[in-house]
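Asker: Keeping the supplied structure of chain R fixed, place chain G upon it in accordance with the hints.
What follows is the residue order along each chain.
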Amino acid sequence: MIGIYIALTLILSLAIFFLRSRMASHIVVWCFMLLQWALTIFAFNHKYETTLEFFTFDPLGLIFLGILSIVCVPAFYHSYVFFNTRKNIPRERALYFAAMIVLVASLSAAYLSNHIAVTWIFVELTTLSTSALIYHNRNERTLEATWKYVFVCSISITLVFIGILFLTITAQEKGLKEISYQVLVANAALLNPFWLKLAFLFIFTGFTAKAGLVPMYTVGIDAKDKAPGPAGALLASVLVNVGFLGIFRFYEVISNTSIVSWANNILIIGGLLSIFVSAVYILRVKNLKRMLAYSGVEHMGIVMLGIASGGAGYYAAILHLILHSFAKPALFFQVDQIYRIYKSKSIYDIGNYFSYHTPGALVLLLAFFIITAMPPSGMFISEFLIFRAMFESGNIWLLVVILILLTMIIWSLARNIFKMLFIKTVGFREDHITRISPLETISQYALLAIVIYLGFNPPRALVNLIHEVTRNLPQ
Amino acid sequence: MTNTLLIILIISLIYVVGANRLYTYIAIIAFQGVVLFAVTFIELIEISVVNLVFILLETIIFKSIAIPLFLNYVIKRNNLTREAEPYVSNFLSVVVITAIIIGSFLLSNTIHDDHLKSMFFVAALAALFTGLYIIVSRRKIITHVMGFLIIENGVFVLSIAVGSEMPMIVNTGIMLDIFVSVLLLGIFVNRIGDVLKEHDAEQLRQLKD
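So the protein sequences, as listed, match chains R and G. Numbering-wise, the first sequence is residues 1 to 475 according to the numbering used here. Numbering-wise, the second sequence is residues 1 to 209 according to the numbering used here.
Pulled out of the complex, with its shape left as it was, chain G reads as follows:
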């Protein structure tokens, strides 16, 4: 069951890089939150109730409700165009992501480790590199934030894989997630929207030598 969910997560990564509209990105990020909730529920059922509730709050309330609403608000408030505006064609992106996923599978096959289920490793690495790819291949600043959120989802998968015995690590990861997302989106809402007219990374080119 866990493997199926993780594969669904990986498929959603392919879908997100092929997508054209910002709202698709938001929907996928919300969907990944729900998938993470399900994975956590199956995997971490034996940890203490308080921790479980904390994790479930983070996945459902924060990842799939608060963040997507916030992103929606940012897009509406700043009148962003609804296109993702990649530098490369979507077809090429899908090919790259497929290569990343195959690479993650091959890498995880070289590990022989009883403690780590390799599917977690594959999903985490694939999400990490997909997020980095989205950051470098998209023009809008808001898509950079979305790429970062996908990286965070990958990190969360990895921390579930190791966290059943060390809940402190999982909680630290959740803290990172909330703290950084609020910081990034907070700057976005308060500042970037007011100062920069086009929300385009092209505008962030003044500092150079």
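Here chain R stands alone, though its shape is the one from the complex:
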């Protein structure tokens, strides 16, 4: 199935690149959606099976694949809205959709791969397709974002490769013939701790570029800012997941060795610094999309703290990641509509949104409550569980610091978002306001509803799946 999927994806992306009529691109995108959902349904029905030697339908891969397939439906829909409301050059549109298809396919393959080198190859492919998406609007600022993204991601991916080499050194010593995750987890206790530590440092640092954590988060911010809204939604949710997946799969390997507490410290430092950086920048950021991107850095920091705390933290971290992947795209889709009304992403220029586009303003208000983890939001549950896990693991002072930083973040998000919703801006001309159909906000309400529902009443199957993800970790 994976083989068919990859082959058909290649054909479809080439087809959409060369057949540039509007009709053809619709048909190809529909075919791709069907293919993506066929793969997802097939994968859920064949749990733990291995195909093509390098791909296993394991629980974490299944969860992320499910999220991807759900999120990419509105992403493609909003991409069409994006092209209908802006200049629509067939060549650029073709490149955009081809890049989207390659991005979704390489993400799916990276989620499902069971070999560290194969994950690495597909993560590299996501860099390529993402750079095409960032450079969609051809100007100097997107060029700068693209160049920085490609350059820093190339360095990060090299660091991951060095980590894999260190891992290979110790695997060879112990006579392991291959380095699939399964073999590594089974033989983790044999491996040399020194090389494992070096490998973890390099792999963690390398994947932070995708996951949006300190040290390499910077290029991700530029990318989410400069990519078109619907593409930014994918970069802020499913692409972040692939970075987390890279870190988590390797964490699984070392979680049963003697260096796990050392690794936990690294995760705590990374998570704490991420939250700190995002608090500092959200206080002064003036660009709406960059503000949302920094909020993603904060949430990834919380997830890392959850993993490092152990116990209930594992479950809560995965749940938090799932909810975040549904909440963030809703906001990015909404930002695109805000941009159509105000022709600006600066918080200074946006105001009194309620009177111009009420359904959209309600989405913004609801999404604000959801990403700041206030009670109707499912993220309240997951964050609460993470804080409890931190408390139980004895990191009380750390928890105090985190809570202070989170308060700062919530305050600055509230200040900016309520300003945009209610306060009039000077000099905004009300006579030529773009009318936006309320139908375009349905997808955002649906995504936010998923977040609320999954937080309060997670289906039995999902809970079991998350518990299976964490089965290899020390309980």
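Bear in mind the hints are in silico, worked out from the structure with no lab data behind them. C-beta: ideal position from N, C-alpha, C; glycine also. Incorrect hints may appear among the rest.
[Unchecked claim] Only some residues are given here: those of chain G computed to face chain R with a beta carbon under 10 Å:
#1 45
#2 102
#3 106
#4 110
#5 159
#6 180
#7 189
#8 192
#9 207
#10 209
[What the hints assert, rightly or not] In silico lysine to aspartate or glutamate, DMTMM-like type, Cα no more than 20 Å apart, as pairs:
#11 197(R) - 113(G)
#12 345(R) - 430(R)
#13 286(R) - 113(G)
Answerer: Relative to chain R, chain G alone:
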């Protein structure tokens, strides 16, 4: 013999940070390709012929001929000034690189590992950190790419050290090398040269908060 070659590689790192002209950088990168070819030839002689040919093509054809020609073309096409324009003085750079090399030696001395020859480890780490240092201490965008190529050479040394039993890893590394170099230089040739007037990292400062 391998150790001598690796030491030559390390010396070339000191030479490159002390250099002033872009063409010296290109020459050193080409020279490192030849050294890597020699190291591979000695070390990996027992692996299969197909893999050997693949690796030799990558080191000689790609690293020492194609990339330097390409860099030359980029410099000519975009009319870059021929100076490397570092932020710090060359003397200081040489001191920093010497410190990096000594640090790599000290670090590799703490490892007692029968499988890994420590000289490979030293050369790889030294090239990695030298490349990072060149990236942060030079002003031109093209020198950033050259720093990245030096990092890639370091990674290649490391992959030879571990790759004799796992040729798949070496091939993956080569794929990374070719893919990323083509991507980076491709963007450079097609876009940056046309859009930005001065090829200076100072110009990449518009995106900030």
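Asker: Does each hint fit the structure? Answer for all of them.
Answerer: Against the structure, the hints:
1. At its closest, the beta carbon of residue 45(G) sits 18 Å from a beta carbon of chain R; the interface hint therefore is violated under the 10 Å criterion.
2. Interface hint at residue 102(G): violated, since its Cβ lies 19 Å from the closest Cβ of chain R, which is beyond the 10 Å cut-off.
3. The interface hint given for residue 106(G) is violated, since its Cβ lies 15 Å from the closest Cβ of chain R, which is over the 10 Å cut-off.
4. Here the hint on residue 110(G) is kept, as its CB sits about 8 Å from the closest CB of chain R, short of 10 Å.
5. Proximity of residue 159(G) to chain R holds as hinted, the smallest CB-CB distance being about 6 Å (cut-off 10 Å).
6. Because the smallest distance between the Cβ of residue 180(G) and any Cβ of chain R comes to about 5 Å, under 10 Å, the interface hint for this residue holds.
7. For residue 189(G), the shortest C-beta to C-beta distance to chain R is roughly 13 Å, which exceeds 10 Å, and the interface hint is violated.
8. Taking 10 Å as the C-beta cut-off, the interface hint given for residue 192(G) holds, the closest approach to chain R being about 6 Å.
9. At a threshold of 10 Å, the smallest CB-CB gap from residue 207(G) to chain R is about 5 Å, leaving the interface hint in force.
10. Evaluation of the residue 209(G) hint against chain R yields a held restraint, the C-beta minimum of about 5 Å falling below 10 Å.
11. Of the pairs offered as hints, the one joining residue 197(R) and residue 113(G) holds, with about 15 Å between alpha carbons and a cut-off of 20 Å not exceeded.
12. With a C-alpha separation of about 17 Å, the suggested pairing of residue 345(R) with residue 430(R) holds against the 20 Å cut-off.
13. Restraint check for residue 286(R) and residue 113(G): the C-alpha separation of about 52 Å exceeds 20 Å, so the hint is violated.
In the structure shown, a violation is registered for the earlier hints numbered 1, 2, 3, 7 and 13, in ascending order.
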